[in-house]
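First to last, the protein sequences are chains G and E. Under my numbering, the first sequence has 60 at position 56, and the numbering climbs by one with no breaks. Under my numbering, the second sequence has 127 at position 93, and the numbering climbs by one with no breaks.
You may find that some hints are simply not true.
What the hints assert, rightly or not - Covered stretches of chain E, going by a simulated chain G footprint (3 or more residues, C-beta under 8 Å):
| no. | stretch |
| --- | --- |
| 1 | 119-128 |
| 2 | 144-152 |
| 3 | 168-177 |
Note that these hints are calculated values from the structure, not bench results. Just so you know, these numbers come straight off a predicted model, no measurement behind them. Yeah, the Cβ is synthetic: ideal placement off N, Cα and C, and Gly gets one too.
Listed below, chain by chain, are the residues.
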Amino acid sequence: MLEFAIKASRGNFHLQVECSFASPWTVFFGHSGAGKSTLLRLLAGLDSASDAWISFDGEVLSDVRSGIWRKPGSRHTALVTQSAALFPHLSVAANLAYGLRNLDRKAQAGRVEEALELVGGLGLRDRQPRDLSGGEAQRVALARALAVHPRLLLLDEPFSALDGNASDALLARLQPWLKQTRVQTVLATHDAADAIATSSDVALLKEGRLIGFGPAADVLAQERERLKARLAGL
Amino acid sequence: MDWQALFLTLRLATVTTAILLALAIPLAALLVLGQARWLAALEAVAALPLVLPPTVLGFFLLVILGPRTAVGRGIASLLGHPLAFSFSGLVVGSVIYSLPFAVQPLVAGFASVDAALIDAARLLGAGPARIVYSLLVPLARRSLVAAAALSFLHTVGEFGVVLMLGGDIPGATRTLSIVLYNQVENFDYAAATRTAAVLLGLSLIALIAIYAGGRPRRGRHA
């Protein structure tokens, strides 16, 4: 279970969110500037907040008041963003193995293989990042995050370079594995269709505040009607 | 040609460059990755030799490393000789004098590495040291070459610090710049021209190497 109470400011933008996610798959839905990326970076430990308490599976990851702060690499948390951020001087396989230093070579190769297979990228193993398309790079970035076997997976619109079909197919491959390996996933998106398609709990974020939380059908009822109206008008 | 001075100059520049890179890589990484407010003061101190007259720097070092200070006496008792007027003293002076020429290209190079890559490495468990050697150094290798070349050349050409701190001891502190100064003072312009040509040639070759390495590669189109 992911629980957090965060207060943070970035210039004129103020984020104040308190929530707990128990379901294996939760969606942060909000339009651009709602604070989704800021929140995910705080949960991953990449940024600091003026006041934050973050706990995952009973383990406190951040607590500003008590001076507790676990480094990003020791939170068992992965974050995949729109920017694939592949290390340009390393091959795809070396990118995936970057976070697997503690394993021997054979175990590393196994994890690399497993992660690439999950994202449908086995053929990309020996390629260089510069030779990948945007969609391929995002698959590899996702595979790199999965290779370390995180317990909490944070996805910040990571499929933006994939077309709808490819994105759906990737999600369909990914969800059973995440369920089987008990990886709790939080997906941030501004696309209502994505949020509705995953049939998960949705946390509705607006201007840095949580304004709704519950099943997608309830929380995104308005968005659903808007989408329907748009489709009907086509 | 004063071969002894030439070899001493090259030895001084090589040793200084090696020490400078060992110091400047972690220092530049700290300046780029660190967020503490005191880092601005550290950056200013590291850049000070750029604006300080070399003779002023040489004078301060001469005083600090001389027998009148506790630092100077401590070093003398440790090494068995004072640092002033010795090759080791010249190395210390050269490292301080050329520090900004190593640090500044590295800071620029490290700062140009995409922050998203550093975030990705942190999320994958890399600590600061691993981020430096596995990401910053390989991705900013042109800046590393520039830092090495500039440090080497700046040391080859230094005069004020060498004269103040090392004097003119053949085989120990007499570098090519001092030889050139002596030749001009003795009106031996032919020898001075040869010495100056060597200094000019060294600088030109190194700069051509830097600019050739830094030029963007254009695609070959028919």
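Okay, the hints, checked on the actual structure:
Note: the stretch 119-128 of chain E has 0 residues with beta-carbon separation from chain G under 8 Å; the three-residue rule is not met and the coverage is violated. For the stretch 144-152 of chain E, the stated coverage by chain G is satisfied: 3 residues place a CB nearer than 8 Å to a CB of that chain, which reaches the threshold of 3. With 4 residues bearing a CB less than 8 Å from a CB of chain G, the stretch 168-177 of chain E meets the requirement of three and the coverage assertion stands.
Violated hint: 1 only; the structure is consistent with all others.
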